[in-house]
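Student: Take a look at the letters that make up each chain.
Number of protein chains: 2
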Amino acid sequence: MTALDQIITPACVIQLNKLEQNAKRVFDICEKQQLTLRPHVKTLKSLEAARIYAPAPMPITVSTLAEATCFAEAGYTDILYAVTLTPNKLTRVETLLNSAVNLTVIVDSVAAVKAMSRSLTHADSLIPVAIEIDCDSHRAGVKPDSQELLDIADEISAVKSLRFAGLMTHAGASYAALTVEEQCSIAEAERNAVLYAADRLRAQGIECEMLSVGSTPTILAPISHTGVTELRAGVYATFDCVMAGLNLCAYNDIAMSVLTTVIGFHCDENGVLIDAGWMALSRDNGTSGQAYNCGYGLVCNKSGELLKGWFVESTNQEHGIIRHKENLDPQAVFSFGDVLRILPIHACATAAQYSHYYVTSDDQTIDATWQRINGW
Amino acid sequence: MTALDQIITPACVIQLNKLEQNAKRVFDICEKQQLTLRPHVKTLKSLEAARIYAPAPMPITVSTLAEATCFAEAGYTDILYAVTLTPNKLTRVETLLNSAVNLTVIVDSVAAVKAMSRSLTHADSLIPVAIEIDCDSHRAGVKPDSQELLDIADEISAVKSLRFAGLMTHAGASYAALTVEEQCSIAEAERNAVLYAADRLRAQGIECEMLSVGSTPTILAPISHTGVTELRAGVYATFDCVMAGLNLCAYNDIAMSVLTTVIGFHCDENGVLIDAGWMALSRDNGTSGQAYNCGYGLVCNKSGELLKGWFVESTNQEHGIIRHKENLDPQAVFSFGDVLRILPIHACATAAQYSHYYVTSDDQTIDATWQRINGW
Numbered sequence: 003m004t005a006l007d008q009i010i011t012p013a014c015v016i017q018l019n020k021l022e023q024n025a026k027r028v029f030d031i032c033e034k035q036q037l038t039l040r041p042h043v044k045t046l047k048s049l050e051a052a053r054i055y056a057p058a059p060m061p062i063t064v065s066t067l068a069e070a071t072c073f074a075e076a077g078y079t080d081i082l083y084a085v086t087l088t089p090n091k092l093t094r095v096e097t098l099l100n101s102a103v104n105l106t107v108i109v110d111s112v113a114a115v116k117a118m119s120r121s122l123t124h125a126d127s128l129i130p131v132a133i134e135i136d137c138d139s140h141r142a143g144v145k146p147d148s149q150e151l152l153d154i155a156d157e158i159s160a161v162k163s164l165r166f167a168g169l170m171t172h173a174g175a176s177y178a179a180l181t182v183e184e185q186c187s188i189a190e191a192e193r194n195a196v197l198y199a200a201d202r203l204r205a206q207g208i209e210c211e212m213l214s215v216g217s218t219p220t221i222l223a224p225i226s227h228t229g230v231t232e233l234r235a236g237v238y239a240t241f242d243c244v245m246a247g248l249n250l251c252a253y254n255d256i257a258m259s260v261l262t263t264v265i266g267f268h269c270d271e272n273g274v275l276i277d278a279g280w281m282a283l284s285r286d287n288g289t290s291g292q293a294y295n296c297g298y299g300l301v302c303n304k305s306g307e308l309l310k311g312w313f314v315e316s317t318n319q320e321h322g323i324i325r326h327k328e329n330l331d332p333q334a335v336f337s338f339g340d341v342l343r344i345l346p347i348h349a350c351a352t353a354a355q356y357s358h359y360y361v362t363s364d365d366q367t368i369d370a371t372w373q374r375i376n377g378w
Numbered sequence: 003m004t005a006l007d008q009i010i011t012p013a014c015v016i017q018l019n020k021l022e023q024n025a026k027r028v029f030d031i032c033e034k035q036q037l038t039l040r041p042h043v044k045t046l047k048s049l050e051a052a053r054i055y056a057p058a059p060m061p062i063t064v065s066t067l068a069e070a071t072c073f074a075e076a077g078y079t080d081i082l083y084a085v086t087l088t089p090n091k092l093t094r095v096e097t098l099l100n101s102a103v104n105l106t107v108i109v110d111s112v113a114a115v116k117a118m119s120r121s122l123t124h125a126d127s128l129i130p131v132a133i134e135i136d137c138d139s140h141r142a143g144v145k146p147d148s149q150e151l152l153d154i155a156d157e158i159s160a161v162k163s164l165r166f167a168g169l170m171t172h173a174g175a176s177y178a179a180l181t182v183e184e185q186c187s188i189a190e191a192e193r194n195a196v197l198y199a200a201d202r203l204r205a206q207g208i209e210c211e212m213l214s215v216g217s218t219p220t221i222l223a224p225i226s227h228t229g230v231t232e233l234r235a236g237v238y239a240t241f242d243c244v245m246a247g248l249n250l251c252a253y254n255d256i257a258m259s260v261l262t263t264v265i266g267f268h269c270d271e272n273g274v275l276i277d278a279g280w281m282a283l284s285r286d287n288g289t290s291g292q293a294y295n296c297g298y299g300l301v302c303n304k305s306g307e308l309l310k311g312w313f314v315e316s317t318n319q320e321h322g323i324i325r326h327k328e329n330l331d332p333q334a335v336f337s338f339g340d341v342l343r344i345l346p347i348h349a350c351a352t353a354a355q356y357s358h359y360y361v362t363s364d365d366q367t368i369d370a371t372w373q374r375i376n377g378w
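If you're matching them up, the sequences are chains A and B in order. If you want the working numbering, it's the position in the first sequence, counting the first as 1, plus 2. If you want the working numbering, it's the position in the second sequence, counting the first as 1, plus 2.
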């Protein structure tokens, strides 16, 4: 049994009880609404972590084919790859499909379907293809009221090796929705975009098996998701400072932290140097536009209790500088060698800096090490 | 022989000729000044890459003990670990020293020396310890004119298992020095800080074997580095958009790029969607304060030729959005499935997102795959 303060810092720590509690919160929402949950595994990208919030054979969402491959090998059979498929990835997709995994890919243009059709190598593939709907002009997707929506569905139906699987959307704009009213409004728009697009296809005689929506803010929004077939979300499993800034969780619910050590003081400016820079924390500063700017992370003691007002103000590759919001003298609080834990601004970005996580239940000792699936 | 456009995107590509040319530029500077070069391997963290710009048995600088361990196993015997040592890393350091590697660690406080002394486990270790000097109030280090400098040197000399190795400093402020005059001025200050500190120690009867200075902007500054024993720098091997923005290289010298594929268009706003988001590019936006803001990367065609005015304006986890500085219509230039290459804003941060690199000499085919050493 290794004590937390004996492992080499920086390191990424998962608090198991909090992960379980966050997972249960979303399981309960979906159960109450009798909706399928398809968790996005892109935050932790870990088979061991997924046992808590997305146990097989639950359907899952992935952000890379590396995740798809590992989860398929571990027994997951219903996988949605939620980034537009490119021709250079088609062979990998066909290999996965031939291993009896139902891997659904997405497109949002006729050009993407034509490119897929040209690149198919196995005549006997039957690739499930969903259309991504743009519900908020945030990123990808086809507009629900566009002619191209109908053209894409027709194009998919015209290719023998493709099977039209339905519609999906993601309200990326919800990460900037600061009030519950805005979150509800975006969640309604997300659902309505998919339902409207499905109605238009139905009028053309095309049925949608899957109507998939979601993001952490929209699935937690207190609306009824009636009409869709499933909800997707990912970062709720760990939460992070961005989500806490949207009042979707308390800081105390955040299940991930970066273990770090005090390595000195920047005396002129009341700074504390730690051995966690952007390599350990990421460069994400996603709370900079929120009411409370957490910088590059909020500071906890080694047991995970928040040290109010202390935050990581700046980072270099292997150095971070902590300061207090009211510029307090840090030497009254911290000493060289102190072990601290930093709550992540954006858990997906922070987790991406690690190959594995240390798991704790008691905030004192390590129970397990979980591996992460990096790369594409 | 794999063609560049056949590998799964996103992927990190190293242009071998440019890496060699950048390495030669710094070899020549050091040869001309008859100074030892101690390259920092923290950008690429790759044994294969280091063969070009830091071939063994050259002395090297590392940012993690993971790098120190791998490079030591590969025959490097003179390694400077340039982050203040914490007690939880001491056992790893002692293990390396016992394998006959000269691993120098750094401290910048009496507290750090005392902590090291308390945590020593092998009575027969003799750990070389250098003192980090603060030359620009940027980050870590002890001021060259401080009493603590003398106290730290005394404290090191008082511990039987420690050997005082000399002084090092890093002018981190040089990354914000926009003119050659500023770069020279910071380089002079960096050198002078170490020489002044060494004079003060000499007056106390303490000799400095190593006087180590450097950062890419300061070692490229046209000053004489007389008096120091060695120069350190790292990012010059690949360069990046931040360095180009400081006029330290041309964009065409940048030896690293991220291979990506066009996955769609954001038609309302003249955006091009690519399959390289912050997971592939990093969140670094270090040119945002420079004259030319490159966003999250500059766009090249698949042969590495810059497409003037096109840059990555925003990123999500697996999506990037390219736009033109003058908001040109992208559909006249790009098509679905086009393979592009993105020049990194900060090569250290972009490279950190990968486990390996694809190496090309002709910008068409892959010659080799180089592994990267991640973690701590």
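Source of the hints: derived by calculation from the structure; they are not laboratory data. Just so we're clear, the structure is a prediction, and the values are computed from it rather than from any experiment. Built from N, CA and C at the ideal position, the CB exists for glycine as well. Take the hints with a grain of salt, since some may be wrong.
Unchecked claim - Below, simulated DSSO-like cross-link-like pairs (lysine-lysine); rule was C-alpha separation at most 27 Å, straight line: (1) K145(B) / K162(B); (2) K145(B) / K327(A); (3) K116(B) / K145(B); (4) K145(A) / K162(A); (5) K327(B) / K304(B); (6) K145(A) / K327(B); (7) K327(A) / K304(A); (8) K116(B) / K304(A); (9) K26(A) / K304(A); (10) K162(A) / K116(A); (11) K327(A) / K310(A); (12) K304(B) / K116(A).
Said to hold, decoys possible - Per label pair, the in silico range of CB-to-CB distance: (13) T93(B) / D331(A): 29 to 35 Å; (14) M3(B) / T181(A): 52 to 58 Å; (15) Q292(A) / N329(B): 25 to 31 Å; (16) A205(B) / A370(A): 53 to 59 Å; (17) N249(A) / N329(B): 32 to 38 Å.
Student: Each hint needs a verdict: does it hold in this structure or not?
Tutor: Quick rundown of the hints versus the structure:
1. K145(B) / K162(B): 25 Å, holds
2. K145(B) / K327(A): 26 Å, holds
3. K116(B) / K145(B): Roughly 19 Å separates the two Cα atoms, so the pair holds.
4. K145(A) / K162(A): The given pair, whose Cα atoms are some 25 Å apart, holds under the 27 Å limit.
5. K327(B) / K304(B): 20 Å, holds
6. K145(A) / K327(B): Answer holds: K145(A) to K327(B) is near 26 Å, not above 27 Å.
7. K327(A) / K304(A): 20 Å, holds
8. K116(B) / K304(A): 21 Å, holds
9. K26(A) / K304(A): 26 Å, holds
10. K162(A) / K116(A): 12 Å, holds
11. K327(A) / K310(A): 9 Å, holds
12. K304(B) / K116(A): Answer holds: K304(B) to K116(A) is near 21 Å, not above 27 Å.
13. T93(B) / D331(A): 29 to 35 Å: 33 Å, holds
14. M3(B) / T181(A): 52 to 58 Å: 56 Å, holds
15. Q292(A) / N329(B): 25 to 31 Å: The hinted range 25 to 31 Å holds for Q292(A) and N329(B), with Cβ atoms some 29 Å apart.
16. A205(B) / A370(A): 53 to 59 Å: 55 Å, holds
17. N249(A) / N329(B): 32 to 38 Å: About 36 Å separates the Cβ atoms of N249(A) and N329(B), which means 32 to 38 Å holds.
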